[in-house]
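Colleague: Taken in order, these protein sequences are the chains called Z and U. FYI, the working numbering numbers position 241 of the first sequence as 241, with every residue one higher than the one before it. FYI, the working numbering numbers position 13 of the second sequence as 13, with every residue one higher than the one before it.
A portion of the hints provided could be inaccurate.
[Claimed, not checked] Below, simulated DMTMM-like cross-link-like pairs (lysine to aspartate or glutamate); rule was C-alpha separation at most 20 Å, straight line:
1. Z:Lys115 / U:Asp174
2. Z:Lys83 / Z:Glu231
3. U:Lys150 / U:Glu83
4. Z:Lys20 / Z:Asp54
5. U:Lys25 / Z:Glu64
6. U:Lys150 / U:Glu63
7. Z:Lys83 / Z:Asp54
8. Z:Lys151 / Z:Asp120
9. U:Lys106 / Z:Glu211
10. U:Lys25 / U:Glu113
11. Z:Lys83 / Z:Glu33
12. U:Lys25 / Z:Asp159
13. U:Lys212 / Z:Asp54
14. Z:Lys20 / Z:Asp99
15. Z:Lys82 / Z:Asp54
16. U:Lys104 / Z:Glu211
17. Z:Lys20 / U:Glu83
18. Z:Lys115 / Z:Asp54
19. U:Lys71 / U:Asp167
20. U:Lys25 / U:Asp167
21. U:Lys106 / Z:Glu212
22. Z:Lys53 / Z:Glu64
23. Z:Lys230 / Z:Asp125
24. U:Lys116 / Z:Glu231
25. U:Lys212 / Z:Glu211
26. U:Lys106 / Z:Asp42
27. U:Lys116 / Z:Glu39
28. U:Lys212 / Z:Asp159
29. U:Lys104 / Z:Glu212
30. U:Lys212 / Z:Asp125
The set of hints was computed from the structure by calculation and includes no laboratory data. All figures in this text were calculated on a predicted structure; none of them were measured in a lab.
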Amino acid sequence: MSTNMTIHLRYWRQSGPTAKGYFEDRTLSTVNEHMSFLEMLDVLNEELQLEGKDPVEFDYDCREGICGSCNLVINGQAHGPKKGTACCQLHMRNYSDGDHITIEPPRASAFPVIKDLVVDRSAFDRIIEAGGYVSVKTGSAQEANARPIPKNDADLAFDYAACIGCGACVAACPNASASLFTSAKISHLSHLPQGDVERSNRVVAMVEQMEEEGFGDCSNFGECEAVCPKEISIAAIADMRRDYARAVLQG
Amino acid sequence: MPVCMALNRSINCSTKSIIMPTIIKALQSQVGRKLMTGITGIALMLFLVVHLAGNYAIFASAEAFNIYTKKLESLGILLYIAEAGLLFFVLYHSYLGISIWLGKRKARSSGYEVYKSRGGASRQNLASRSMILSGITILVFLVVHIWSFKFGETEMIMSADGEPMRDLRQLVIDSFTTWYIALGYVVVLSLVMLHLFHGAWSAFTSLGVTSKNNTQAFKLGAYIFTMVLMLGFIFIPVYIFVTGGTGSLIAY
């Protein structure tokens, strides 16, 4: 059994990068509690299209919380109210009949709006390009256990590698800092022998690129960790600072 | 480094050539600014510990406080160096804090209509969100504080061994028996406590000392340190005001 809910939506409309945006209000009366948040937006778009209006653009791909495409700011919280959950995995059962929901795109100067709720996150790609890679020897595959890695290091690298690059950390940060993203991308490589070769260059290049893109300073608010759908700890940021100091002092 | 050599032979490791920044340039980067905020912050906290220890001379013998301040003043050039260092730390720390705060607007030119903290792991609270306000208040307070105690008018008295010395102790007692001065100090010291509730832990995270395993311990340690330190400071004006300067802890 499922019950239908009425939800009052207020969402950001912006026809293009340079257009002036505004909020539009609309009430949906057929929201099913089993719908994901994005399915609820599908219903909204169906209604809009039936009336001959433009649908609301929003980013999505996998809808199972692993791709990092969706990045809505829901009632002032990146990915909405549920801990460790991307908004595609947020179900309408978390809301009650008659709720008001405001949906905004992530707001950051480095994430310009493309249309409606879709923002350009290529700044993240450029941070990765600056140093978020490892150099590997091509040819026949190495034997899997040829290079033993301590379990603690492997675990730590895995924790940081969980970052899906959705940008919720930037969206939620009061300073619009990209420190959690950048540090996770640095630290998941620097803890492994494969990533050790470029370690110093990587941290310097990625930190420089992060600043160049116009992201803000980190004030250790920890809001990024709270909203991260992969619950990446801000210990990654401390790690990045340690790595940076080490790289600079070693020259 | 066999792997590295193999790599160097086979492919070009980097697509972008990196020039390691000089230390001066590195300190101007986002990470460098944060490191320096932490270092100057910790230095200032250490100064507060020493300052507090000195303050408690007021509860020792009748002459202890004045002898302590006279000793400090007789350090001459050493005192000037220490004062210049402190001034530098305060100004550097303030400059960094203000520039980080100003940078917020640039990094988020259009804000949210609705914004709410998620709670949980977030450390957004009254302390962390008011760093700029508590910080600026402390900066203004410092001017008044130094003006009134370092350069304040005091009587010259004779010590037991016939040395003339400033009666700073009397100035402290006279000040804190005045209700608005005592209240002002308690308010500002409470703001310092608020500043440190975020700052003490944050400084160590800025220096990259904290990790997943020890961050809780650092948080707890920072809270206890802040409480003990700042309640220690607050006790003095409160005690002097409540007892009218004649409490049993103050020897005559």
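Colleague: For every hint, state whether the structure bears it out.
Modeller: Verification of the hints:
{"no.": "1", "hint": "Z:Lys115 / U:Asp174", "in the structure": "violated, 66 Å"}
{"no.": "2", "hint": "Z:Lys83 / Z:Glu231", "in the structure": "holds, 8 Å"}
{"no.": "3", "hint": "U:Lys150 / U:Glu83", "in the structure": "holds, 12 Å"}
{"no.": "4", "hint": "Z:Lys20 / Z:Asp54", "in the structure": "holds, 16 Å"}
{"no.": "5", "hint": "U:Lys25 / Z:Glu64", "in the structure": "violated, 43 Å"}
{"no.": "6", "hint": "U:Lys150 / U:Glu63", "in the structure": "holds, 18 Å"}
{"no.": "7", "hint": "Z:Lys83 / Z:Asp54", "in the structure": "violated, 32 Å"}
{"no.": "8", "hint": "Z:Lys151 / Z:Asp120", "in the structure": "violated, 37 Å"}
{"no.": "9", "hint": "U:Lys106 / Z:Glu211", "in the structure": "holds, 12 Å"}
{"no.": "10", "hint": "U:Lys25 / U:Glu113", "in the structure": "violated, 37 Å"}
{"no.": "11", "hint": "Z:Lys83 / Z:Glu33", "in the structure": "holds, 19 Å"}
{"no.": "12", "hint": "U:Lys25 / Z:Asp159", "in the structure": "violated, 31 Å"}
{"no.": "13", "hint": "U:Lys212 / Z:Asp54", "in the structure": "violated, 46 Å"}
{"no.": "14", "hint": "Z:Lys20 / Z:Asp99", "in the structure": "violated, 27 Å"}
{"no.": "15", "hint": "Z:Lys82 / Z:Asp54", "in the structure": "violated, 30 Å"}
{"no.": "16", "hint": "U:Lys104 / Z:Glu211", "in the structure": "holds, 13 Å"}
{"no.": "17", "hint": "Z:Lys20 / U:Glu83", "in the structure": "violated, 53 Å"}
{"no.": "18", "hint": "Z:Lys115 / Z:Asp54", "in the structure": "holds, 11 Å"}
{"no.": "19", "hint": "U:Lys71 / U:Asp167", "in the structure": "holds, 13 Å"}
{"no.": "20", "hint": "U:Lys25 / U:Asp167", "in the structure": "violated, 48 Å"}
{"no.": "21", "hint": "U:Lys106 / Z:Glu212", "in the structure": "holds, 12 Å"}
{"no.": "22", "hint": "Z:Lys53 / Z:Glu64", "in the structure": "violated, 28 Å"}
{"no.": "23", "hint": "Z:Lys230 / Z:Asp125", "in the structure": "holds, 19 Å"}
{"no.": "24", "hint": "U:Lys116 / Z:Glu231", "in the structure": "holds, 18 Å"}
{"no.": "25", "hint": "U:Lys212 / Z:Glu211", "in the structure": "violated, 25 Å"}
{"no.": "26", "hint": "U:Lys106 / Z:Asp42", "in the structure": "violated, 34 Å"}
{"no.": "27", "hint": "U:Lys116 / Z:Glu39", "in the structure": "violated, 24 Å"}
{"no.": "28", "hint": "U:Lys212 / Z:Asp159", "in the structure": "holds, 11 Å"}
{"no.": "29", "hint": "U:Lys104 / Z:Glu212", "in the structure": "holds, 15 Å"}
{"no.": "30", "hint": "U:Lys212 / Z:Asp125", "in the structure": "violated, 27 Å"}
Violated hints, listed in ascending order, are 1, 5, 7, 8, 10, 12, 13, 14, 15, 17, 20, 22, 25, 26, 27 and 30; each of the other numbered hints is respected by the structure.
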